[in-house]
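Q: Sequence:
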Amino acid sequence: MIYMQVNNLVKRYGAELILSNIKLEIKNNDRIAIVGRNGAGKTTLLNIISGKLGYDEGEIHKPKDVTIGYLAQHSGLESTETIWKEMLQIYQHFITREKELRKMEQAMGDPDRMKDEAGYQQLLVQYDQKQEDFKAEGGYQYEAEIKAVLTGLDFPEDMWDTKISSLSGGQKTRLALGKLLLTNPNVLILDEPTNHLDIATLTWLEGYLNNYKGAVVIVSHDRYFLDKTVNIVYEISRNRSAKFFGNYSKFLEQKEANYEQDLKQFDKQQAEIKKLEEFVQKNIVRASTTKRAQSRRKQLEKMDVLDKPNGDLASAKFSFMIEKRSGNDVLKIRDLSFRYKSDEPAIFSNLNLDITRGESMALVGPNGVGKSTLLKTITNDLKPSSGTIQIGANVKIGYYDQEQAKLNSNKTVLHELWDDYPNMNEKDIRTILGNFLFSGDDVLKIVSSLSGGEKARLALAKLMMEKANLLVLDEPTNHLDLDSKEVLEAALIDYPGTILFVSHDRYFINKLSTQVLEMEPQKTTLYLGDYDYYLEKKQEEQELEDLNKQNENVPAKENKAKKNYHLDKEAKKEQRKIERRTEEIENLIEEIELEMTTIEEELCKPEVFQDHEKSFTLNERNQALENQMETLMEEWENLQTE
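Numbering (the UniProt record's numbering), first residue to last: 1 to 642.
Hints may be right or wrong, so weigh each one.
As the list claims (entries may be wrong) - Listed below are the simulated DSS-like cross-link pairs for lysine-lysine, each with C-alpha atoms no more than 30 Å apart in a straight line: (1) Lys228 x Lys62; (2) Lys332 x Lys228; (3) Lys445 x Lys317; (4) Lys255 x Lys614; (5) Lys308 x Lys255.
What the hints assert, rightly or not - Distance windows between CB atoms, simulated: (6) Asp343 x Glu642: 55 to 63 Å; (7) Lys605 x Leu444: 49 to 57 Å; (8) Met1 x Glu256: 27 to 35 Å.
Keep in mind that the hints were calculated from the coordinates and are not lab data.
Ideal placement from N, C-alpha and C gives every residue a C-beta, glycine not left out.
Use the sequences and the hints to build the structure in full.
A: Here it is as structure tokens:
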């Protein structure tokens, strides 16, 4: 079912064109990502399709019975109710009908009603029908749904009687998301839903959205999240939209391939145009060749000249260098603990950590476990309650604060950087700021007026200038658009120093980390690998824990279970490998089917089937795709058998 169609949408703010010729289609079970630079108009588009904002031109078609739920960015739930009572309000229709059923049950137990046999039978029939309808519509499940969503969004049961007005901003945002999920609209529109979610909650949300019965439209800068949840990507660039099939990683591949193909076609046509123009110029005045030259000229006039394909918009350009190499031992932490007040429980305790030169360590763990606090004790912004922090020889720390608290809000962008390096000339400072996309009068903006993304880029510019050999980074990808994140990743991958960082961006962690340190309230665990390795080891640990619990319940089978554990672990590893390959093959088959459909459509065009060379090429490609499909299907069947 098609829930919504957007055709040739145009939106302006005054004289400024924001969106032009936007086309979008939302169908049942679609999982759509809308991506683009900060300021490209993504949030504007969400506001338009959700009905919160008007548009200047175009059409939006939506059946009247289609419901839309929209979670705007930075929106929090405001209410005087408790968490549980607020969620119950969504199901008021069930609560009312439940009361009706209880009244009918009381009436059925009334001896006086039983005397009227006909009336009593009619009451039983009505009750059975109402109960069946109630059950079919989910009336007996709504409390379980509320509990599942609240638990998944990190609201444990002991919080359910808490007044919403007493919650933090981040908790109110999570609760607004939870309430929207429970309303179960046909089209779920989410603007940056991953803000304020830790990794465990993100993983839960991915699973929930993948099983959602309806369509989901997402704007997010979390690439790992997009890879796990979406199957269609619309890119908003230069006011226009382009549609791609697949998740975010597939979108990047397709976009690059399309650009290369368009550029080749453009270059080929330009070479042909040049050749024709040269022929006309040389032969138009000769009597013997003038007819051929005139023919070539007509050919040129009729030619549909291709525009040169647009490459990516300007990106930030920077790299992190070091002034001096550190010693091999960069950081040693022993038995560290921290508490804000002596009579309060410790945020973390007995923490040990070793980092050597060249390592890139990610700190992960639930919100509130003390990751940012640990970084601030390392940078000496906070004093630990006990334990030692030993900084290695020649170590110079560069610190990126996620709140950008060290930026001077009253300075201009230019002087925020220049005042730290007064011996540099203005031209060089402007060049550096230009590399971070501050050009022209942008450098004269007051820091307090900057957006979150602009402040993040300015803080990174200052960090780059320090040339520190140990970078301590607290959520460095927050507020950055997808393109800026990729530039930052590339710069940090090439960085010759040592990195300790906190991030909820799992894609970023995967790209950058050589080690993952998991912080929990009572312990820390080190994993020597990237984020995917960390997940794999966590799954193995969970499987071992589950196996041990089974063994405790069945002592007689203890020895046998221990012997079979390694075999069981290998079998599960092989099973995961088969499942991953099966998913890869299914994605490839889907891509091949799309390409074959496109070829078949091309072959039906008169200008194509009349061109024997082009028809032959397309048929040849179609045959190759069919052969590839057969091979993949055979492998898929073998995997199913395994």
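Q: If a hint holds in the structure, say so; if it doesn't, say that too.
A: Each hint, compared with the structure:
With a CA separation close to 28 Å, the supplied pair Lys228 and Lys62 stays within the 30 Å bound. Between Lys332 and Lys228 the alpha-carbon distance is near 37 Å, which puts this suggested pair outside the 30 Å criterion. Restraint check for Lys445 and Lys317: satisfied, since their Cα atoms lie roughly 20 Å apart, inside the 30 Å limit. Between Lys255 and Lys614 the alpha-carbon distance is near 24 Å, which keeps this suggested pair within the 30 Å criterion.
Distance check on the hinted pair: Lys308 and Lys255 sit about 15 Å apart at the alpha-carbon level, within 30 Å; holds. In this structure, Asp343 and Glu642 meet the distance hint of 55 to 63 Å, their C-beta atoms being roughly 60 Å apart. Separation of Lys605 from Leu444 is about 54 Å and conforms to the stated range, judged on CB atoms against 49 to 57 Å. Our hint of 27 to 35 Å for Met1 and Glu256 holds, since their Cβ atoms are close to 33 Å apart.
Hint violations for this structure: number 2 only, all remaining hints satisfied.
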